[in-house]
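Quick note, the sequences are listed as chains U and L, same order.
Under our numbering, the letters of the first sequence match residues 1 to 402, in that order.
Under our numbering, the letters of the second sequence match residues 1001 to 1062, in that order.
Don't take each hint at face value.
What the hints assert, rightly or not - Between beta-carbon pairs, the in silico distance windows are: (1) U:180 <-> L:1062: 54 to 62 angstroms; (2) U:397 <-> L:1006: 42 to 50 angstroms; (3) L:1036 <-> U:328: 48 to 56 angstroms; (4) L:1062 <-> U:184: 53 to 61 angstroms.
As the list claims (entries may be wrong) - Beyond 12 angstroms from chain U on every Cβ pair, some chain L residues (computed): (5) 1002; (6) 1005; (7) 1018; (8) 1028; (9) 1061; (10) 1062.
The set of hints was computed from the structure by calculation and includes no laboratory data.
Everything numeric in this text was worked out from a predicted model, so none of it was measured.
Beta carbons are placed, not taken as given, at the ideal position from N, Cα and C, and that holds for glycine.
The chain contents come next:
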Amino acid sequence: MTATQADVPDVPYFDLADPSFDVTSELVHAARDESWYVHTPYGLAVLRYNEVGALLKDRRLRQGSAAWPAHNGIHSGLFTDWWNDVLMNLEGEDHHRIRRLLNPAFSPKVINAMVPQFQALAEELVDAFVDEGRCEFVSQFAEPYSARILCILLGLPESEWQQISTWAVDLGLSLGVTFAQDLDKIHAALEGLYGYCNELIADRRDNPRDDLTTRLVQASRDEDRLTETELAVSLVFLIFAGMDTTRNQLGLALQTFLRHPDQWAKLAERPDLGRAAVEEVMRVNPTITWITREALEPFTFQGLEIEQGQTIQLFSHSAGTDPSAMADTTFDIEGDRASHMGFGGGVHHCLGHFVARTDMSVALPLLARRLRDPRADGPGEWLPMSGNTGPVRFPITFTPGA
Amino acid sequence: MRVIVDRALCDDHGQCEIAAPNVFRIGVDGKLEYDERPDPSERDAIEEAADACPLQAILVQE
Ligand code: HEM
Ligand code: SF4
Chain U
1 MTATQADVPD
11 VPYFDLADPS
21 FDVTSELVHA
31 ARDESWYVHT
41 PYGLAVLRYN
51 EVGALLKDRR
61 LRQGSAAWPA
71 HNGIHSGLFT
81 DWWNDVLMNL
91 EGEDHHRIRR
101 LLNPAFSPKV
111 INAMVPQFQA
121 LAEELVDAFV
131 DEGRCEFVSQ
141 FAEPYSARIL
151 CILLGLPESE
161 WQQISTWAVD
171 LGLSLGVTFA
181 QDLDKIHAAL
191 EGLYGYCNEL
201 IADRRDNPRD
211 DLTTRLVQAS
221 RDEDRLTETE
231 LAVSLVFLIF
241 AGMDTTRNQL
251 GLALQTFLRH
261 PDQWAKLAER
271 PDLGRAAVEE
281 VMRVNPTITW
291 ITREALEPFT
301 FQGLEIEQGQ
311 TIQLFSHSAG
321 TDPSAMADTT
331 FDIEGDRASH
341 MGFGGGVHHC
351 LGHFVARTDM
361 SVALPLLARR
371 LRDPRADGPG
381 EWLPMSGNTG
391 PVRFPITFTP
401 GA
Chain L
1001 MRVIVDRALC
1011 DDHGQCEIAA
1021 PNVFRIGVDG
1031 KLEYDERPDP
1041 SERDAIEEAA
1051 DACPLQAILV
1061 QE
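If we strip away everything but chain L, and leave its shape as in the complex, we get (with noise of 0.2 angstroms):
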């Protein structure tokens, strides 16, 4: 599985961290950063996290 963010809709309002902690977290300078290889075990949480952008930037891929 492979995670993919598009960076210019990306707008780092971190609604994924909520979903997804273990995958994406809003650094101290208040952008964005994420693991673009997660353990399968966090599938549900990524797709929640894809849900819930505000911005549907995030991809998931097989």
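Bound conformation, chain U alone (with noise of 0.2 angstroms):
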């Protein structure tokens, strides 16, 4: 399946496995200027936004992430029982049918409604070290903040934000390059979520609520409904694909703003502009800087033959910075530029994203209204700038604002 360089000379090779590796270097911008495709150990990578726009969206490709386990010689067990029944890892109808179901309860109408609460969750979390002029922002602000989020979301106890935060930060292990070493904690995660997870369920069958859980229990669509599995599958994944990425998104925009001081106070003084700044954010900075595609069937693309079986990956940074795809490709929230591919496309477009983009578009503002002239306070602790991304630790000083 995969190519070498040897095998073709004239386009670049990336060795995607090596966690030096960088998506944002100059190395993979002069490769785009070169070829709108490389060869990486992980299959094919895409570089440029029309090709990635096209083919996120081209359904002769599923879902890539269905064989990940396999990939990493994992066959059998609770995580691939689990795996294989993700709305991600689903197609055709079986993916359609579950997206129907879950779709109401992700509504703007919906979201929308909580945004007082999101407001005043990011209020109290700043109150608790703005003082000082300093903080770590992952877990003082970007990790709490995107857990209570899925709380509020789903009608949990807020004050256990912790547990569920643990549980899916274990899990999240799967996504990584030791997820073989991690199995026993990833499985054990698991475990603790279906429990909590079933638990709510029968909880909000005798006792409805006005929250997601209980939309998702009473969810039909012409006479069909979620069973039991299907809820518990379903609410674990939304916890899973929820946490880490809005935590990891938000640590990625303050490191963008901190590039960009004159923007940050800008978005202060206009709090309008959080919707464009969280836009322009993913555009130059997505947490998810490959999407992953696998082709169903042969076809040729762009003269390009691609096998049954292909892995392909998408890259959004690459694509969302890509000069022949935009006049401009600077970061400017007041900026008019191509939409991002951070939310991925098609018929897996991120469900979340609503709630992702309303709950990060009320913390920018006023995270800029409350920090003022943030500076980073030492080195701290990042994931490579490769695969899902974002800082481990961010220590930051900042002069306090009202």
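Both chains are given apart, each in its own frame, so use the hints to dock them into the complex.
Given below as structure tokens:
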């Protein structure tokens, strides 16, 4: 499946398996000028805006994450059973049926009604550290914010966020390079989350409330409903898909604004730019830096023959900063830029994007107002600038604002 | 009832087709095709499609 540099001398080769590989590096930009794709140990990588956009939505490809456990030598067990059934790894009518049942709980009307709660949460978290003029942004804001948003959404007691977050972090190890070694921990987290979600489902059946869990328990369409198993699989997946992503994306947002202090100051004065700020951050600094697809059938694309089973990595940062797609690629929250690929696209387009867009567009202007002139306080600790990226620790200093 | 999709916004994700397959479809060229005057029985499905569209490009008129 994977070609080597020797096989195809004209097309560059990126060693995506190398943890020091940086998807935002000059190497990638230079390759993008040369070729719309490159070879990697994980299949082809696509670098340009138009090709990434087209392949994201191309129905001759499936979401490519399903094969991930097998690529890591894991073929059975609790994790694979769950992974095979989650929305992202279903295709065709199996996928559409679950998506139709989940969709209404994520409508903009439902999510917009939660804005006051998101605001109150952000203020509360900032109040706890703002007077000190310094904080560790991940543990003091990004992580509790994203975890408690999930609690608000699903209707869980916010006091339980730490337990949920710990499970989500452990389950997230399944996406890393040490997946096979971490399997026991991953299975323990999955069991914890399943137990928790099963209780939650049973409770909402007896005591319906105004929350997403109740909406999913009651969801029906054309006489169809989610089974008990589908409900539990979906709830666990929502926690998995929604927590680390939002935490990482918020950290990356702050990183971007540290490089553009004038725009942070502008955002403080203009909270109405919150939405645009989220879009612009996700264009230049997306947390999911490659979105994976796999060819369902052989086909030819831009003159290149794609084999059945070919894995294709769609590079979101490279696409979002492609000069052939927009006249100006510089970061500008008031600029007119092409839309980003940070939430993927096509039938698998992120289900939770209204939640993420809404909670981040509440948080960013509020942070800009209260954390003036932020500066990095040491190097912090960062995930590799590849795969799913973001800060692990991000200490900053700032001038407290009102 | 009339359905209008803002073509300037629409990015051909096809989420509308998942929600209301009798009204919206992605053609072989990958572009959205849709029925502007659908049967009234499709109303609920169309509302769901309008909600689910990532670009909020679907407008339903009486
Ligand atoms: C900033 C935060 C987030 C980012 C960057 C993000 C990004 C993504 C990406 C890239 C995909 C894959 C799309 C594709 O293959 O084309 C995805 C899928 C998904 N996301 Fe998100 N996401 C975020 C937040 C959330 C939240 C908060 C939830 C739920 C509460 C969520 C639920 C899902 C689900 C269920 C899928 C699978 C959709 C499907 O296969 O139909 N995400 N997300
Ligand atoms: S869901 Fe929205 S963006 Fe996607 S094809 Fe339908 S109208 Fe266009």
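Index of numbered hints that the structure contradicts, given in increasing order: Hints 3, 7, 8 contradicted; others consistent.
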